[in-house]
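There are 2 protein chains.
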Amino acid sequence: MKRAVIVAAGMTKFGEREATFRDLIAEAGKATFDSNKHILPKDIDGLVFSSVYPERSAFQGHPAPIAAETMGIKPTSLIARVECQCGSGTVAMRMGQMAIITGQADLVMCMGAEKVLIPVHEEIFLNAMAGGDREWETCFGLVPPAMFALCAQAHMQKYGTTEEQLARVAVKNHTHSMNNPNAHFQKGVTLEKVMNSKLIASPLKLFDCCPNTDGAAAVILASEERAKDLIKDPVYILGFGQTSLAATLANVEKDWSSWPGLKIAAEHAYKMAGITPGDVDVAEVHDCFTISEIVEYEELGFCKKGEGGSFIEEGKSDYGGEVVVNPSGGRIGMGHPFGATGIAQAVELFWQLRGKAGPRQVKDARFALAHTMSGMGVENHVAIYGRV
Amino acid sequence: MKRAVIVAAGMTKFGEREATFRDLIAEAGKATFDSNKHILPKDIDGLVFSSVYPERSAFQGHPAPIAAETMGIKPTSLIARVECQCGSGTVAMRMGQMAIITGQADLVMCMGAEKVLIPVHEEIFLNAMAGGDREWETCFGLVPPAMFALCAQAHMQKYGTTEEQLARVAVKNHTHSMNNPNAHFQKGVTLEKVMNSKLIASPLKLFDCCPNTDGAAAVILASEERAKDLIKDPVYILGFGQTSLAATLANVEKDWSSWPGLKIAAEHAYKMAGITPGDVDVAEVHDCFTISEIVEYEELGFCKKGEGGSFIEEGKSDYGGEVVVNPSGGRIGMGHPFGATGIAQAVELFWQLRGKAGPRQVKDARFALAHTMSGMGVENHVAIYGRV
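Note that the protein sequences, when read in sequence, are chains S and E. The numbering used here puts the first residue of the first sequence at 34, with every later residue one more than the last. The numbering used here puts the first residue of the second sequence at 34, with every later residue one more than the last.
Some hints here could point you the wrong way.
Each pair may be met inside one copy or between any two copies, as identical chains are not told apart.
[To be verified] Result set (BS3-like, lysine-lysine): computed pairs, CA atoms no more than 30 Å apart in a straight line: (1) K296 x K75; (2) K261 x K304; (3) K338 x K75; (4) K349 x K396; (5) K389 x K304; (6) K75 x K287; (7) K304 x K75; (8) K304 x K35; (9) K287 x K63; (10) K63 x K220; (11) K261 x K35.
Keep in mind that the hints were calculated from the coordinates and are not lab data.
So that you can see chain S by itself, here it is in the shape it has in the complex:
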């Protein structure tokens, strides 16, 4: 079987964009083709498009061919759109990887795009609500901040995690995104400001939450052999792990401070890649809320269960620590345009692994992990990238 590599990557500025869904696609597409002049739109024979709710936010229910047409791509091997809520982009990466390693496509673009910020604020809220289970959850108020507040409360009670430790995740990620010109936020934030920000769902405050963000991102995949003419030092896609143990929070886990599905997904991805958690130099993880990143340190094996709070407090997830987590700024600092997120992680890690991440470069990064989560522990998607 062939091996899949990333040969080009690009993204839009993330943020509150005065741009349509199509505009975002065009911008990310141009950035991606600009990143590798050996590849033209006509060379792309596969497109896997990731988007969560364009049928609601852009009233476009068939976005994959619109994306292809907008970029001048005419896929003749593979065309698909995937939706797995916040994890959609990682799922697109996996479908692209499978098409390459089976030889079913030659050059596959994986693109994610989401227009979240529309004029009607109530509609933004409704769209996000459709991401939970309407019949059993969101209709009763169990929307994302409430879900993750339950997780934070359980983690604090069981492991003594503090609100200040949560806040330190926000400070770290907002500090990282000061070095990322594509990030939604570049102003940084102090611990005091996070701690004093508006309460959203106790103990989560405004700065414990990622923002609503517009954006798009894309990468181009090829086989190792095909890549030889296209790029000198491609980034390898080494492993994937995915799980979905339950859909509704009542069934997801008995203990809301643990995400066993993430643990399994990570183990599978490490195994496929042939590495261990200690080999990971840099990671982009799903910090939709600060508590998420803390639980993820634990389930990804960066620290023992229950020690996520001290892991951030001791600086182990920052530059100079054990693994640099969310150098892009993560969902909290860079922003979280749902369908684009998993692809934007791949873009950041492509830059990091090739030493092109500028002031936020993680020194000598060789192995990288990306994690997206759909719902609270509902689906977990882990990808491992690396230099070989």
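Using the hints provided, position chain E relative to the given structure of chain S.
Relative to chain S, chain E alone:
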């Protein structure tokens, strides 16, 4: 690389169902597990779920894990939802096939489900409109019947195809579905009744159009080796072809009577399967409108370009002819619950290739073709199944 086979299949009754989205999933899941008692929900480690607009029709924006939970499946290898409008099911089949042949999953369920008929009729229409390009097409009235009417007019003008030939497709498919207890319609229809039915978009009349249908269908995939303990005579997935040459009708083709993207997709699928059009014994093709099936005969290579009208008139696409097209009744007779359609085709062909199709059995069927189309020629998805 491994070879992928189908080891189980099931579907709901298609029609105007007094059932929710979740009910349809449960019903198709039960039918599928009932079809092969060697497989239990706990054995399934991958789910690819196909659905077009549950976020609009069922207000469920994250349907894949809901489907898994409803059936008691806990995927630990692969979880995804795909959307490619009317072609979604075939795309799910392809992702499932890739997961099996790469060894990334052991047993993958590909399920499609769609709840189309909701109480508010205007909303059904709006949902369908989101499947075209809102900015350039549907907002100006270029909805599906209008698009396919343009195709029919062009085909009639260029090749002399008649309204009666179109009507014969409806008669054939409604006759076929009389033998299909899962079909939306079982009453049959006469040529006179089709010809005298209400004009929808000239020359297409009511019976030239497929209905709005609720339904769900599923298959389970395994590798050839894994299947040995599960089933004696599995059905092989032999080839796929997919294209998307343009999104908007203005760009799809210069001549609306031709669908060059389908021709290319079919050629790729035949090549991967190592067969020719003449080898196909039975086909489920995308007869969303009668004209579609006529153009498909041509682009799939069952007859020469322009001869689709006489192909149906001479009975060549019926029992006793050259290839039995849409023995299930097709979209016109069986119904077209968008996300479920490509999977329901696989279910029908699984039955046909194993000699289990009862009164609608195509004798000695060895090679089968399935085709779904998203938009009018926007995306084409061809799959080849067979006995080896």
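Structure-based check of each hint:
With identical chains, the CA atoms of K296 and K75 are at most 30 Å apart between copies only, with a shortest distance of 19 Å across copies and 40 Å within one. In the homo-oligomer, the alpha carbons of K261 and K304 lie at most 30 Å apart both inside one protomer (27 Å) and across protomers (27 Å), since each shortest distance falls under that limit. Taking the closest pair of Cα atoms, K338 and K75 come within 30 Å of each other only across two copies (27 Å); inside a single copy the shortest separation is 49 Å, beyond that limit. Taking CA atoms no more than 30 Å apart as the test, K349 paired with K396 passes inside one copy only; the shortest distance there is 15 Å, against 68 Å between copies.
For a Cα distance limit of 30 Å, the shortest separation of K389 from K304 inside one copy, 28 Å, qualifies, whereas the shortest one across copies, 42 Å, does not. Proximity of K75 to K287 under the C-alpha cut-off of 30 Å is restricted to the inter-copy arrangement: shortest distance 19 Å between copies versus 51 Å within a copy. When the C-alpha separation of K304 and K75 is checked against a cutoff of 30 Å, the pair qualifies only between copies, where the shortest distance is 22 Å, while the shortest distance within a copy is 36 Å. Taking CA atoms no more than 30 Å apart as the test, K304 paired with K35 passes in both settings, with 18 Å inside one copy and 20 Å between copies.
In this homomeric assembly, K287 and K63 come within 30 Å of each other (Cα to Cα) only across copies, at 27 Å, whereas the closest approach inside a single copy is 46 Å. For the identical chains of this complex, K63 and K220 are intra-copy neighbours only, at 27 Å inside a copy versus 54 Å across copies, given an alpha-carbon limit of 30 Å. With identical chains, the CA atoms of K261 and K35 are at most 30 Å apart both within one copy (13 Å) and between copies (27 Å).
The structure fails none of the hints (numbered hints given earlier).
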